[in-house]
Every structure is written in structure tokens, then in C-alpha cells.
Amino acid sequence: MMDALIFVLAGAFATATPLLFAALGELVVEKSGVLNLSVEGMMALSAAIAFMATLQSGSHLVGFVAGAASGALLSAVFAVLVLGFMANQVAAGLAVGILGLGLSALFGRAFEGATLMGLNKVAIPLLSDIPVLGRILFTQDIVVYGGIAATGLVAWFLYRTKAGLTLRVIGENPDTAHALGMRPVGVRFLAILFGGAMAGLAGAYASTVLTPLWSQDMIAGRGWIAVALVVFGTWRPGRVAVGAYLFGAVSLLGLALQAMGIGIPAQFMTCLPYVLTIVVLVAISADKVRVRLNAPAALGESYRPAS
Amino acid sequence: MLMASGGAPIAGVPTTSLLRLDGISKSYGSLVANDKIDIDIRPGQIHAVLGENGAGKSTLMKMIFGVIQPDAGAIYWKGRQTEIASPARARALGIGMVFQHFSLFETITVAENISFTVPGDKRELSRRIREASEAFGLAVEPDALVYKLSVGERQRVELVRCLLQEPSLLILDEPTSVLTPQAVETLFVTLRMLSDKGIAILYISHKLEEIRALCHSATILRHGQVTGHVDPREETSRSLAKMMIGRDIPRSAHAEARPDANVALRVNGLSTWQRDAHAVNLKGVCLEVRRGEILGIAGVSGNGQQALSRYLSGEETLPATRKGEIEILGAAVGHLGAADRRRQGLSFIPEERLGRGAAPGLSLNDNMLLTGHRLGMVARGFIRKRVRDEHAERCIREMDVRCGGSKSNASSLSGGNLQKFIVGREMMLRPKVMVVAQPTWGIDVGAAAMVRQKLVDLRDEGVSILVISEELEELFEISDRMAVMFEGRMSLPVHTRATTPERIGQMMVGLFDAQEEMTTEAAQ
Chain A
931 MMDALIFVLA
941 GAFATATPLL
951 FAALGELVVE
961 KSGVLNLSVE
971 GMMALSAAIA
981 FMATLQSGSH
991 LVGFVAGAAS
1001 GALLSAVFAV
1011 LVLGFMANQV
1021 AAGLAVGILG
1031 LGLSALFGRA
1041 FEGATLMGLN
1051 KVAIPLLSDI
1061 PVLGRILFTQ
1071 DIVVYGGIAA
1081 TGLVAWFLYR
1091 TKAGLTLRVI
1101 GENPDTAHAL
1111 GMRPVGVRFL
1121 AILFGGAMAG
1131 LAGAYASTVL
1141 TPLWSQDMIA
1151 GRGWIAVALV
1161 VFGTWRPGRV
1171 AVGAYLFGAV
1181 SLLGLALQAM
1191 GIGIPAQFMT
1201 CLPYVLTIVV
1211 LVAISADKVR
1221 VRLNAPAALG
1231 ESYRPAS
Chain B
779 MLMASGGAPI
789 AGVPTTSLLR
799 LDGISKSYGS
809 LVANDKIDID
819 IRPGQIHAVL
829 GENGAGKSTL
839 MKMIFGVIQP
849 DAGAIYWKGR
859 QTEIASPARA
869 RALGIGMVFQ
879 HFSLFETITV
889 AENISFTVPG
899 DKRELSRRIR
909 EASEAFGLAV
919 EPDALVYKLS
929 VGERQRVELV
939 RCLLQEPSLL
949 ILDEPTSVLT
959 PQAVETLFVT
969 LRMLSDKGIA
979 ILYISHKLEE
989 IRALCHSATI
999 LRHGQVTGHV
1009 DPREETSRSL
1019 AKMMIGRDIP
1029 RSAHAEARPD
1039 ANVALRVNGL
1049 STWQRDAHAV
1059 NLKGVCLEVR
1069 RGEILGIAGV
1079 SGNGQQALSR
1089 YLSGEETLPA
1099 TRKGEIEILG
1109 AAVGHLGAAD
1119 RRRQGLSFIP
1129 EERLGRGAAP
1139 GLSLNDNMLL
1149 TGHRLGMVAR
1159 GFIRKRVRDE
1169 HAERCIREMD
1179 VRCGGSKSNA
1189 SSLSGGNLQK
1199 FIVGREMMLR
1209 PKVMVVAQPT
1219 WGIDVGAAAM
1229 VRQKLVDLRD
1239 EGVSILVISE
1249 ELEELFEISD
1259 RMAVMFEGRM
1269 SLPVHTRATT
1279 PERIGQMMVG
1289 LFDAQEEMTT
1299 EAAQ
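Chains A and B, in that order, are what the protein sequence lines are.
Numbering follows our numbering, with no gaps: position 303 of the first sequence is 1233.
Numbering follows our numbering, with no gaps: position 469 of the second sequence is 1247.
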């Protein structure tokens, strides 16, 4: 019983890591006032590219770099559409997302069913010797630690740096920001690229570490969960991380309960993480004041520079 | 005169000139927003740019501030021809601007807002903000979050932000439109102090009295063209108005109302409990509008007028247990939605014409249908297009709406014409009670005069009208009694003919007896 619980909690961090990376990237994009709905497609494409790169090179690092680059490249297509041609953000995001899914299937066909080695767990000295907690928190692979660090870094960037302040106010009112001498289009472009790279890392982790074998449709909606996490986490990095880990824990709970032979229909356990995450996060985001203060006011609106 | 070789000083231009515009023009498609504008401003001068809404004042200011670029003409700064390519360039030259719609970000602090244009770390900046606010008499708290500030406070923040950049020219776009008469006086004291220190001020306004009280010189614009360069201190309001609108201001003296004793709209202690920090809650609001009178609600915006209009219109409803807090013709309607209240004889004209008063993407015909469907425009669930079109065309004719016919989109009309259409539409419903918010906000003088006249005509037919407005002059012109809202509380009404703008101005900053106390006293 104890072992099962430790398995669930330790695994939750790994399961949640792709969600966390993708959601943090999307959070930065949305904070700049752009709604990029192509997260699912960017994750799928970069999962395929990262898998291919890792398979060829034998190095996970190469895989992650390739994944981030392909995610950023696809997001650049989105950026050109919405910033250059002022396309509707929702429509452009959906279209680019479908493009990503299609490219993913195309590139991945050659190695359908191939497998990779995962990443080794890194036990942090001393801390990992703590009973129970050590095995849950401090015996993880390096990317999981990276996810926790990324949460802190994104929060620090947004709320402690001048660049973060600039990004936030562009998401609140790009016209005013322009009048004050800021460059909404440039900042939004960089934010979109960052979001693409983060989605790329998420896809790379999903296909080369978490389940290191290739099958089409392996992202299975996690990009959409990431988008939802940003909204329900009221655009705060810490809350988004909590939401991601919660989702991870509950989705593994189903496996653990099945392993223990508790007779709950598998379908119920599969949908439980979605239901529970929605319930918890809706409760968090029910506070309208909190949403109003954190939601980017110009989210989804095209910005057209005055001429 | 127009030499291509930028930098060199040009003969014939007095070196004392700070900013000179020479033949500045700007068009948007076929619309000429500015046509060969000339202006000359010297250091320390307070110069007014006077014109109606749509005369091209804002376009001109945006070109001086580098937000947009002129199509033709030249700008000389301190005697040199200069291209102001961006707002950043304008600031570097020493031009500061306070916008009509404030350019502050709401979710961050005052100091953070100012940090975008003034360098320095946080502590240093806070110190400088405090110093400047003392030096110029502009009370500002650096660590306050902007969304919690009143409009007057936000304006002070904008002014301090500009002043910290040590500008030699300050542009103020309609700075008094959001202020009480007392706050206007305080602002003028500050502006005169700045002028004495050698800072030139470009003062954009359509308020003649203010310009005569404050400015040393004035340029008057009409339809994008200069119609006069004058010294406003030597002009009368009438002569200025004539240059501004091309004819005398249509001033209508309205006959006194003869209301009867019947109360058509009654609000009994309406209170709200919104937790949203942006919202102002109503605190025990009471009011009565009798048949055949206009009750005006004055107050600086953001003191609960929004909430009041939404609760009166039925966009927000009360629980059935409190339905008696709003009565129309003696019937409790607090729990009813907008459609049900309209059926009881209420009609409502909101302040946002596009999106709330009319659907921008629909034709005038369809906009007529929005509230007029019960005039026989719908039969068995189907639209009777002929009836609908007849009504729309009649409305256009009777209200003199200038448009491309009843099939044109609502968004293609100017603000004034659309407001005339909306007022006409609501009048055709033959309401018993009318609630109007900001009836002449942002529309030209002619249309405003017509809208006001129509409201008074309705009143004379026995309709009870509640007008919520920020324009004190307007309320003094048309209302029979006035009450003031401050921080969600409502003053007792006073007779318009027995009060003065100064007294109302005091009430607008909360100097009135709270109504709840009065009513409880009366009950004892």
C-alpha cells in the first residue's frame, strides 16, 4: 500500500512535467496578450522530431534541443500569421495546431513502435535518503527538477524583472504600451517563440523520457490540458504548477488502484483526473477579483500599430 | 520656407518659438482630419486648441506626440525642422502628453507605471515621485495599485509622470472632462505654476469658459481647418463658439416642468454587495422620479452610476425577496429582467451606443427591431420586414439621422447620428419611464442640442426621465431636480433652479448628508 502511494506520488511529478512545461510556455504567451491554441500540435510535432533526433544521435540532449527548435519553428509560423497578417488568433492557432499534428504523423511514420532508453533518475545526495519523501521528491530525472526550476524562473521573470513587467502590460493594453515607446509586436513575437520552445521541450519529454516509444497520437490531448491549466491557474505560475502536479497524481492513481485490484471501471479512472483538475481549478478561479487582476485584458485581440 | 536640409535654423522663424507647425495635413482615406494647420507656441505659453468632437484636435496632438505621422507639412522644434517619428522621440525632445483616456496600466502600481518612462531604481523613483507631488501640489502615492485610484487621482499620476521627464511642452487632452469644478480649479493652479516655470502647455478642450480663464492664446479648429488664431481673454464665449461650430450655439431655455404628484420610478434603499474590487457598490440608494419631470444624477464617473444604470435597466436583477427596492408605476420590478421591465413601460438608453445601445454590425432596420419588436414588427415568430423598415425610416426622418438609408450598418454612423437614432427608437415605444446615461457623451453640439430638446419634449408629454450625466452644464440645462452620487451613495435631490454648480461640485466630492441617516432620522 505504502509502495503504491509512493509510486503514485513519485510518478506524478514525471507525468506532470510535460504539462507543466507546455503550460508555463503558454502562460507567458497569454500574459503578452496572445492566445496560442496550437500547443497540442506543437507538442506532437516536437515529440516526433525529438524522438527521431534521439534515436539517430543516441543523445537525449540532442533530442531536447531538436524538440525545442521544432516547437519554436512551428510557433513562428503562428506568430507570422497573427502578428504579421493580423489573423484571428483562435483560428490561426487551431490551423497551426492541425498542421503540427499532421506533420507529426508524417515524420513519425518511419519509426512507429520503435523504443528508446529513458533518462536515469538523479538521486539528490542526503535529501534522497529522507524516508518516503526522499523517494517521492528527490529521486527524479533531471527534467523534472528542471520543471520546478522553470516555474520559479517564469515567476521571477514576470514579477521581478523590468522585461516581465513590460510583457505583462503589453498583455493588458498594447496601444498604451506602444504610446509609451514599447514594442508590442516584438515582445509578443519573442513570447510566442518561448511558448513554442517550451511546448517543444514538453513534447520531447513526453516521447523520449516519459513513454520512450513512438506511436502516433501519443500526446493525446495533453496540449489542451496545458491550455486549460493556464486559465484555471488564473495565469499564476505557482498555481499552474500545482494544477499540473495534481493532474499527474490523479492520472496515476487509476493505475495504482487497478494494480491493487480495486474494482473501479477503468473508464472512470481515466476520466477522473480531468474531472478532479477541473473541479479544483474552477474552485480556485471562482474568485473574480483574482481572475480580473491576473488575466491579460487584451488576450486574443489583434494589435494593429497606429499609422 | 520648407527646406529639405533638416537641421539648420531657418531665417524668419523667431528663435523664441518652441514649437511651430507649418501646414500640417493628415487624411484617412477620403476624410481630411487636418488640413494645413499652423500653430506657434512660445515657452511658458498656455495655448488652447479648441474644437468640437471630430474637429481634428486629437489627430493633431497625436502628430505632435509622434503617435502618427503627418502626410504633409513641417514641424519646427526650437527653430529646427524636426521629424517626430515616435512617442519616444517626442519624449526625448521634451514633449509630454496626458491623454484623454488615461494611458495607465491598471493592474500595476503607480511607481511601476512611471518606471516605463522615467529611469531609476524603485526606491529612487518613489522618492522622486513624492518630491514632485509635493512640489506641484499633486498628491500621489507611489505604491498604490492604479485600479483602486479615482479618475482625478489617475490624472495626477499622469501629470507627475510627465513632469518627471522635465518637459518643455506639456500636451493636455480634455483634462477637465472627468473633474469636479473644484478639482478643475486646483488643476489650473498647478498649470499656471508650470507656465511660470517656462513650460509651454497645449490645452485641448471644447469648454469655452475654461479656455478663457486659463489660456494665453487659442487656435480654433472646425472640420480639420483652422478657423481662427485668437487671444481667448479678449473674446466672448459666444464669439469663440461661433468660430468653433460656425454658428451660434443653439441654446434652448426650457419651460419649467409641471410634474404631478404621481411617482413613476421609485428606488427604495437599493444596495449591492459586489466583492469585485473594481466595482462600486450602491449603498442604500433612494430616489423618486415623478410624472413629467427630469431628475438628473450628477457625479464624477466611477461613483456607482454604472451599477445604478444596470440595476435600473434590468441588466442586473435583484432576488425576488428584495424586488420592492425598484418600483415602476407602483409595481415592484426589482426581480424582473430587461425585457419584462420594458413591457412595464421602461425604456433605457445606455452610455455605450455601440454594443449596448445598438448592435454595430446590424443595419438600422434590425437595430430598430431590437427593442421595437412589440410595435407589430413580429407576427407568429416571423419578422414583418415591411413594418420594421417603415418604423426605421420614420425614425430616421423624424430625428434627422444623417445616414445612407435604413440599410446602413449602425457602426457606419457618427456618434451623434447614432444617438439620435437610438433616442428616436426609444421614443417610438412611447415609454412611461426613461433612464438615460450620458445622453450627449462625445457627440457634436448640434446633435446634443437636439437630443436634449427631445428629452424635454418627452418630459412635457408626461414621461418620467432619469438622466445620469457627467456634464454638469447639461444637467443644469435640462433637469428639474438634481441628485449627486458619491462612492455609491445618493444625495437628497435639490431643485436645479435653487442651486449652483459650485454647490453641486461640493456634493460631487461627498459633502452631503448621507441619505440613509436622513431617512432613519425621519423614521424615528
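For the record, the hints were derived by calculation from the structure and aren't laboratory data.
It is possible that part of the hints are untrue.
As the list claims (entries may be wrong) - Chain A residues, not near chain B, derived (Cβ > 12 angstroms throughout):
1) Thr1069
2) Gly1101
3) Ala1109
4) Met1112
5) Ala1227
6) Tyr1233
What the hints assert, rightly or not - Listed next, the in silico DSS-like pairs over lysine-lysine satisfying Cα-Cα at most 27 angstroms (straight line):
7) B:Lys1232 / A:Lys1092
8) B:Lys926 / B:Lys900
9) B:Lys900 / A:Lys1092
10) B:Lys1210 / B:Lys1232
Small disclaimer: the values here were computed from a predicted structure and weren't measured.
The beta-carbon is built from N, C-alpha and C at its ideal position, and this holds for glycine as well.
Right, here's what the structure says about each hint:
1. Thr1069: holds (40 angstroms)
2. Gly1101: It is violated; Gly1101 (chain A) is separated from chain B by about 10 angstroms at its closest Cβ, not greater than 12 angstroms.
3. Ala1109: At roughly 5 angstroms from the nearest Cβ of chain B, Ala1109 (chain A) sits no farther out than 12 angstroms, so the non-interface label is violated.
4. Met1112: violated (7 angstroms)
5. Ala1227: Since the minimum Cβ distance to chain B is about 8 angstroms, Ala1227 (chain A) lies within 12 angstroms and the statement is violated.
6. Tyr1233: holds (14 angstroms)
7. B:Lys1232 / A:Lys1092: Violated, at roughly 53 angstroms.
8. B:Lys926 / B:Lys900: holds (20 angstroms)
9. B:Lys900 / A:Lys1092: Since the Cα atoms of Lys900 (chain B) and Lys1092 (chain A) sit roughly 11 angstroms apart, the hinted pair holds (cutoff 27 angstroms).
10. B:Lys1210 / B:Lys1232: holds (15 angstroms)
Checked against the numbered hints listed earlier, the structure breaks hints 2, 3, 4, 5, 7; every other hint is satisfied.
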